[in-house]
Structures are given as C-alpha cells and as structure tokens.
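Peer 1: If you're matching them up, the sequences are chains A and B in order. Sequential numbering from 1 applies to the first sequence in the numbering used here. Sequential numbering from 1 applies to the second sequence in the numbering used here.
Some hints here could point you the wrong way.
Unchecked claim - With the C-beta cut set under 10 angstroms, the calculated list includes, among others, these residues of chain A facing chain B: (1) PRO18; (2) ARG19; (3) ASP40; (4) THR41; (5) THR42; (6) GLY45; (7) GLN65; (8) ASN67; (9) GLY105; (10) MET109; (11) ILE113; (12) ARG116; (13) GLN127; (14) GLU128; (15) LEU129; (16) ASN132.
To be verified - To spell it out: a stretch of chain B is covered by chain A in this simulated footprint if at least three of its residues, at any positions, have a beta carbon under 8 angstroms from a beta carbon of chain A; those stretches are: (17) 34-42; (18) 46-58; (19) 103-113.
As the list claims (entries may be wrong) - Below, simulated DMTMM-like cross-link-like pairs (lysine to aspartate or glutamate); rule was C-alpha separation at most 25 angstroms, straight line: (20) A/LYS69 x B/ASP11; (21) A/LYS10 x A/ASP70; (22) B/LYS85 x A/GLU130; (23) B/LYS39 x A/GLU122; (24) A/LYS69 x A/GLU122; (25) B/LYS170 x B/GLU151; (26) B/LYS141 x B/GLU151; (27) B/LYS22 x A/GLU17; (28) B/LYS20 x B/ASP47; (29) B/LYS58 x A/ASP70.
If you're looking for bench data, these hints aren't it; they were derived computationally from the structure. Built from N, CA and C at the ideal position, the CB exists for glycine as well.
Each chain, written out:
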Amino acid sequence: MEVKLTVNGKPVTATVEPRTLLVELIREQLRLTGTHVGCDTTQCGCCVIHLNGEAVKSCTILAAQCNGKDVLTIEGLAKPDGTLHPMQAAFREHHGLQCGFCTPGMVMMGVDIARRLPGADEKTVRQELEGNICRCTGYQGIVQAILSVVNPAAVKDHHHA
Amino acid sequence: MRNFEYHIATDVNAAAALLKAKEDGKLMAGGMTLLPTLKQRLAAPSDVIDIGSISALKGIRKDGDSIVIGAMTRHFDVAHSDVVKSAIPALASLAGQIGDPAVRHRGTIGGSIANADPAADYPGGCMGLGATIVTNKRQIKADDFFTGLFETALESDEIVTEVRFPIPQKAAYQKFRHPASGYAVVGVMVAKFADGVRVGVTGSGPNAFRAKDFEAALSKDFSAKAIENVNLKADGLLSDIHFSAEYRAHVTGVLARRAVAAA
Numbered sequence: 001m002e003v004k005l006t007v008n009g010k011p012v013t014a015t016v017e018p019r020t021l022l023v024e025l026i027r028e029q030l031r032l033t034g035t036h037v038g039c040d041t042t043q044c045g046c047c048v049i050h051l052n053g054e055a056v057k058s059c060t061i062l063a064a065q066c067n068g069k070d071v072l073t074i075e076g077l078a079k080p081d082g083t084l085h086p087m088q089a090a091f092r093e094h095h096g097l098q099c100g101f102c103t104p105g106m107v108m109m110g111v112d113i114a115r116r117l118p119g120a121d122e123k124t125v126r127q128e129l130e131g132n133i134c135r136c137t138g139y140q141g142i143v144q145a146i147l148s149v150v151n152p153a154a155v156k157d158h159h160h161a
Numbered sequence: 001m002r003n004f005e006y007h008i009a010t011d012v013n014a015a016a017a018l019l020k021a022k023e024d025g026k027l028m029a030g031g032m033t034l035l036p037t038l039k040q041r042l043a044a045p046s047d048v049i050d051i052g053s054i055s056a057l058k059g060i061r062k063d064g065d066s067i068v069i070g071a072m073t074r075h076f077d078v079a080h081s082d083v084v085k086s087a088i089p090a091l092a093s094l095a096g097q098i099g100d101p102a103v104r105h106r107g108t109i110g111g112s113i114a115n116a117d118p119a120a121d122y123p124g125g126c127m128g129l130g131a132t133i134v135t136n137k138r139q140i141k142a143d144d145f146f147t148g149l150f151e152t153a154l155e156s157d158e159i160v161t162e163v164r165f166p167i168p169q170k171a172a173y174q175k176f177r178h179p180a181s182g183y184a185v186v187g188v189m190v191a192k193f194a195d196g197v198r199v200g201v202t203g204s205g206p207n208a209f210r211a212k213d214f215e216a217a218l219s220k221d222f223s224a225k226a227i228e229n230v231n232l233k234a235d236g237l238l239s240d241i242h243f244s245a246e247y248r249a250h251v252t253g254v255l256a257r258r259a260v261a262a263a
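Bound conformation, chain A alone (with noise of 0.2 angstroms):
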C-alpha cells in the first residue's frame, strides 16, 4: 500500500506492507538512522518521534496510520546549515549523553517536554522521561540538559558552577 507523509518538512511518498512500523519506514526506506530501536516494546523511548508536534513511540505505531501526517526525526531538528537545535545544544553542554543510544529519543522527548511544560521543576522533567531508558545510568546529564532549556534557574550542573 502507498502512505504519503511529511518527514522532516519534505513530502514522501512511500510503499509499504500494512504491518511496516513507522520507525522500519524511517531507517530502512528513507535512511533515517538517527531514530534508533532499543527495546521494540514501547518501553525504552529510543524510537521516539514527534507525529504532528507530538512525541511518540515509532516502534509502535503503523507507517499506514502516519498517512497524510507530519513526522519529525532527530534529523529535521538542526537547521540546515548545522546549528543545533538548542535542545542538542543542551545535551552537548550538558554531557547528557554516554554511549548516545537513548539520545535520539531523549531529545526529542526532550523538546516535547519543552513544548508542553515550560518552566517545569526537575522532579516534572523525571517524571516525564519515565518512558525513555538510559542503560548507561546517565540521567544527570539528560535530567540538567533537559532543565537548562525548560527552566534554566533549576540547574545544578556541578561542571558548570
């Protein structure tokens, strides 16, 4: 069957079997291999993507029900000539990374979280990553980036003090 979709600002037409996820459209049609696949259960957060402005799990959603949809990916964040989004800025600030697995999905969960909560304390930015796993433990890091963007007065960031 045949999904038409916006990815990153730029329309796609693409054919796909009704049971291809989002995520298998994203990294093995179009090449998109920032949006990563940890879990495939809907548990981790790596694959996660924003469906018209909102953070989902692309793991676990059809390409078929992304028909006539906006996808953004970790790719479409950056301005074309390279500057960073400022919630990669943070996370590269930060250290809110190690191993940079989990990082596409924090991210954007990241921005999500920006989006709907500006000004959000840091136990409300913990509670809002429940759904994406860090295995290296790494959560300060992700935790004080994700801050500095929402509410920059709550950061405790003992590289930068």
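Starting from the structure of chain A, add chain B where the hints point.
Peer 2: Just chain B now, kept in the frame of chain A:
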C-alpha cells in the same frame, strides 16, 4: 508480526460492517496494546480495522451529572482536560498515570477498556466511578462489562463509542505502579456518591472488580479508619513471580485507605 489487511474506518457503522464481514478482524484504536500483541504473534488477525481517526468518537463533554468521554479520546487529553479536572480530578489523575507521555499521546480510553487488561487503570476507574459503557448497540454498566481476564461483555461486532462517568461528591485513585511496566500492580478508585461509596479495584484480580466490604464500611463512615480492619480475601486474586495473591490483597487495602484519605 504477521501481515494483515489494513482498513481505515471513517465511521462506526463502517467499522462494524467490516468487523462483521472479515473472518478474523480486529479493531485498532491507539494501537498501544494491539501492536505489541501482534509483534509477539499472540494475535494474528486477518484484518486490522483502524478506528483511531473517527472524529465522532473523540472528545470530552459534561452532560448533566456526568462526564462523557468519546472512546477514541487519548489518555493525554483526559489527563489535561479542564472539564475532567474540575468535575472528576481523580479520573484526570488516573489517565495521567497510564504508561508514559508518548504512550498517552496514542492510547485511548475505548481501547483500554475493550482490551480489559487485568492491570490496566481504566477498568478499575470505571468500576469505582460506576461508569456506563456506551456501544454502537446498547449501554452496559461497568459492573456487567468486565467479565474476566481480557474478557468483556462486548459482542464480536460491538464497538465502544463513549464512556459516561457520573460525577461523584469526591473520589481519588491510588496506584502501585509496576516499576518496569508502569501497569498497576494494584490500583484502587474510591468514589463517594450521595447514595453510597464505590471502590473499584484493578490489578488484584483477573478483571476489575468492586471491593464490596470496603464499600459497606465506607458508606457508613467515609474514613480510612473505617476500613482499617476490613481485609480483602486473597482467594481468586492474581499471583505471579513478583507478587502473591496475599500481597495484592494487602496492598489493595493500603491503597483503598490512601484513596479515602486523598479524596
């Protein structure tokens, strides 16, 4: 995942007709349970009928003494609805505790109750609040809806269209989350109405149920102390490698007391 034919239903009648016509069709709402189930090949339907975009099934409204929520309304929208937050804050709180933010952006109330996972939050909320489940054919009291483990009173071509929640005087939902899955090990909705108290329990048994001994005690005296010595029997409750039936029975009492205190 086995392959299937994919259909988008534009209205409930079309979905019901497809469900009837196809040999082994399955409805999909948000897909938050169905897709993982298909991936594990626990189900392999011939046809998946997507009802998630039927706009007539979305929305939240106050209708007299009830809050009415369309079946395809997402957990995120219930959790953040001003109508729900002002009339039944316990229900908004319940919706906001399901899964995680990305799951709440997709999962729906109709999908949750039709699936009737023993550890899902909404079934306990429906029992505690005395909800009425409206389908394309009839109205079903929550008491008659949840009939067993992943079993409901729904007929094979019946579709949940909305859920009606009577507005209680006060209510609270307390949940002991499974730390890995986020599902309720036990969840308890306590709701006080003019004519008595209802206590809905999820997670403890094979399906959501009412803790009638708690209800009787709380209807006389709405205080945590009133149920201090009322114990839920462990007979028939779920037991797994994590939590025994006795443990679930105990936690049900603890959460019921916390819910009364929080209401």
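Peer 1: Run every hint past the structure and note whether it holds.
Peer 2: Each hint, compared with the structure:
1. Interface hint at A/PRO18: satisfied, since its Cβ lies 4 angstroms from the closest Cβ of chain B, which is below the 10 angstroms cut-off.
2. This hint holds: A/ARG19 has a C-beta 5 angstroms from the nearest C-beta of chain B, less than the 10 angstroms allowed.
3. The interface hint given for A/ASP40 is met, as the beta carbon of that residue sits about 7 angstroms from the closest beta carbon of chain B, less than 10 angstroms.
4. At about 6 angstroms, the closest approach between the beta carbon of A/THR41 and any beta carbon in chain B falls short of 10 angstroms, and the interface hint on this residue holds.
5. Given hint, A/THR42 at the interface with chain B, holds; its Cβ is 6 angstroms from that chain's nearest Cβ, closer than 10 angstroms.
6. This hint holds: A/GLY45 has a C-beta 7 angstroms from the nearest C-beta of chain B, less than the 10 angstroms allowed.
7. Using the Cβ-Cβ criterion of 10 angstroms, the hint placing A/GLN65 at the interface with chain B is satisfied: the shortest such distance is roughly 6 angstroms.
8. Taken as an interface hint, A/ASN67 checks out: its beta carbon lies about 8 angstroms from the nearest beta carbon of chain B, inside 10 angstroms.
9. Below 10 angstroms, beta-carbon pairs count as interface contacts, and A/GLY105 has one with chain B at about 9 angstroms; its hint therefore holds.
10. About 7 angstroms separates the beta-carbon of A/MET109 from the nearest beta-carbon of chain B, less than 10 angstroms, and the hint is met.
11. A hinted interface residue such as A/ILE113 counts as satisfied when its beta carbon comes closer than 10 angstroms to some beta carbon of chain B; here the least separation is about 8 angstroms, so the hint holds.
12. Contact between A/ARG116 and chain B, as hinted, is supported at the beta carbon level, the nearest pair being about 8 angstroms apart and thus within 10 angstroms.
13. Nearest Cβ of chain B to the Cβ of A/GLN127: about 9 angstroms, under the 10 angstroms cut. The hint holds.
14. Given the 10 angstroms rule on beta carbons, the hint for A/GLU128 holds: about 6 angstroms separates it from the nearest Cβ of chain B.
15. Given the 10 angstroms rule on beta carbons, the hint for A/LEU129 holds: about 8 angstroms separates it from the nearest Cβ of chain B.
16. The beta carbon of A/ASN132 comes within 8 angstroms of a beta carbon in chain B, closer than 10 angstroms, and the hint placing it at the interface holds.
17. Counting residues of the segment 34-42 of chain B whose C-beta sits closer than 8 angstroms to any C-beta of chain A gives 4, which meets the bar of three, so the coverage hint holds.
18. Look at the segment 46-58 of chain B against chain A: 3 of its residues bring a Cβ nearer than 8 angstroms to a Cβ of that chain, three or more, so the hint holds.
19. Requiring three or more residues with a Cβ within less than 8 angstroms of a Cβ of chain A, the coverage given for the segment 103-113 of chain B holds, as 3 such residues are present.
20. Between A/LYS69 and B/ASP11, the direct Cα distance comes to roughly 20 angstroms. Compliance with the 25 angstroms bound is thereby established for this hinted pair.
21. The suggested pairing of A/LYS10 with A/ASP70 holds, with an alpha-carbon distance near 9 angstroms, which does not exceed 25 angstroms.
22. For a cut-off of 25 angstroms, the pair hint linking B/LYS85 to A/GLU130 stands: about 22 angstroms separates their Cα positions.
23. Between the alpha carbons of B/LYS39 and A/GLU122 the distance comes to roughly 35 angstroms, so the proposed pair goes past 25 angstroms and is violated.
24. With a C-alpha separation of about 32 angstroms, the suggested pairing of A/LYS69 with A/GLU122 is violated against the 25 angstroms cut-off.
25. Distance restraint check for B/LYS170 and B/GLU151: the Cα-Cα separation of roughly 29 angstroms exceeds the 25 angstroms cut-off, and the hinted pair is therefore not satisfied.
26. For a cut-off of 25 angstroms, the pair hint linking B/LYS141 to B/GLU151 stands: about 15 angstroms separates their Cα positions.
27. A C-alpha spacing of about 19 angstroms is found between B/LYS22 and A/GLU17, which places the hinted pair at or below 25 angstroms, so the restraint holds.
28. For the proposed pair B/LYS20 and B/ASP47, the alpha carbon gap of about 11 angstroms is at most 25 angstroms, so the pair holds.
29. A threshold of 25 angstroms between alpha carbons decides the hint, and for B/LYS58 with A/ASP70 the separation of about 20 angstroms falls inside it, so the pair holds.
The structure fails hints 23, 24 and 25 (numbered hints given earlier, in ascending order).
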